[in-house]
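Oh and the sequence shown: position 95 is 95 in the working numbering, straight run, nothing missing.
If you are wondering where the hints come from, they were derived from the structure by calculation, not from laboratory data.
As the structure is a prediction and not an experimental result, all values here were calculated from the model.
Cβ coordinates follow ideal geometry from the N, Cα and C atoms, glycine included.
Do not take every clue at face value.
27 Å max Cα-Cα, derived DSS-like pairs, lysine-lysine [said to hold, decoys possible]:
1. 68 to 147
2. 108 to 132
3. 147 to 71
4. 132 to 35
5. 108 to 35
6. 147 to 108
7. 147 to 67
Computed spacing ranges between beta-carbons, pair by pair [said to hold, decoys possible]:
8. 144 to 15: 25 to 31 Å
9. 31 to 70: 41 to 47 Å
10. 31 to 147: 30 to 36 Å
11. 95 to 34: 30 to 36 Å
12. 141 to 35: 32 to 38 Å
13. 150 to 127: 14 to 20 Å
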Amino acid sequence: MTRVFDEALAVVTVDLRGQGETAAGEQDALLTDWKTFFLAYLLDRPLTGLRVQDAIASADFVAFYEKKRTKPRNVHLVATGRAAIIALHAAALRPELFETVTLRNCPKSWTEMVSDPIPGGQLDAVVHGALKVYDLPDLVRLAGKTKVRFTDDE
Numbered sequence: 001m002t003r004v005f006d007e008a009l010a011v012v013t014v015d016l017r018g019q020g021e022t023a024a025g026e027q028d029a030l031l032t033d034w035k036t037f038f039l040a041y042l043l044d045r046p047l048t049g050l051r052v053q054d055a056i057a058s059a060d061f062v063a064f065y066e067k068k069r070t071k072p073r074n075v076h077l078v079a080t081g082r083a084a085i086i087a088l089h090a091a092a093l094r095p096e097l098f099e100t101v102t103l104r105n106c107p108k109s110w111t112e113m114v115s116d117p118i119p120g121g122q123l124d125a126v127v128h129g130a131l132k133v134y135d136l137p138d139l140v141r142l143a144g145k146t147k148v149r150f151t152d153d154e
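Generate the whole structure from the sequences, applying the supplied hints.
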């Protein structure tokens, strides 16, 4: 983040639905916001998909606020922890919106996440049946390998 501030870029922080200021109270260390996750699941509106919509809408706003649709601003997406998987999905779906994508403390694959004996509270980022169709490295390829960077620093 220091580099972003040093370059005098505009910084926008976003609370995706159910996270940050919109969180639904106490979070379970293992199951995170399981009530919201299962409510969305039962309504056939996966929470991951809803949050990806939030991320894309936010990036689109930043890119085009008071700008012509043909000349967007460069958006540098930085996401940490549970929001990182959401950010990776957003970058894969709309790679043209993002100049760079930095993912902090993000699993590099679904396999890595499910093989962890003590998972890091990623229930609300899970996509039911995802491993039948894709893994996170596939999203990196869609987003653009050269623009996605994983880091474990805070």
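Outcome of the hint check:
1. With a C-alpha separation of about 24 Å, the suggested pairing of residue 68 with residue 147 holds against the 27 Å cut-off.
2. For the hint pairing residue 108 with residue 132, the CA-to-CA distance comes to about 17 Å; that is within 27 Å, so the pair holds.
3. Between residue 147 and residue 71 the CA atoms are separated by roughly 20 Å; this keeps the pair inside 27 Å, and the hint holds.
4. Taking the CA atoms of residue 132 and residue 35, the gap is near 25 Å; set against the 27 Å cutoff, the hint holds.
5. Of the pairs offered as hints, the one joining residue 108 and residue 35 holds, with about 26 Å between alpha carbons and a cut-off of 27 Å not exceeded.
6. For a cut-off of 27 Å, the pair hint linking residue 147 to residue 108 stands: about 15 Å separates their Cα positions.
7. For the hint pairing residue 147 with residue 67, the CA-to-CA distance comes to about 23 Å; that is within 27 Å, so the pair holds.
8. In this structure the supplied range 25 to 31 Å holds for residue 144 paired with residue 15, their Cβ-Cβ distance being about 26 Å.
9. Distance hint check: the CB atoms of residue 31 and residue 70 are about 45 Å apart, consistent with the given range 41 to 47 Å.
10. Range check, residue 31 to residue 147: Cβ separation about 32 Å, and the 30 to 36 Å hint holds.
11. Between residue 95 and residue 34 the C-beta distance comes to about 31 Å, which sits within the given range of 30 to 36 Å.
12. Between residue 141 and residue 35, the C-beta spacing of about 34 Å keeps the proposed range 32 to 38 Å intact.
13. Look at residue 150 against residue 127: about 19 Å separates their beta carbons, and that is inside 14 to 20 Å.
Every hint, counting from the list given before, is met by this structure.
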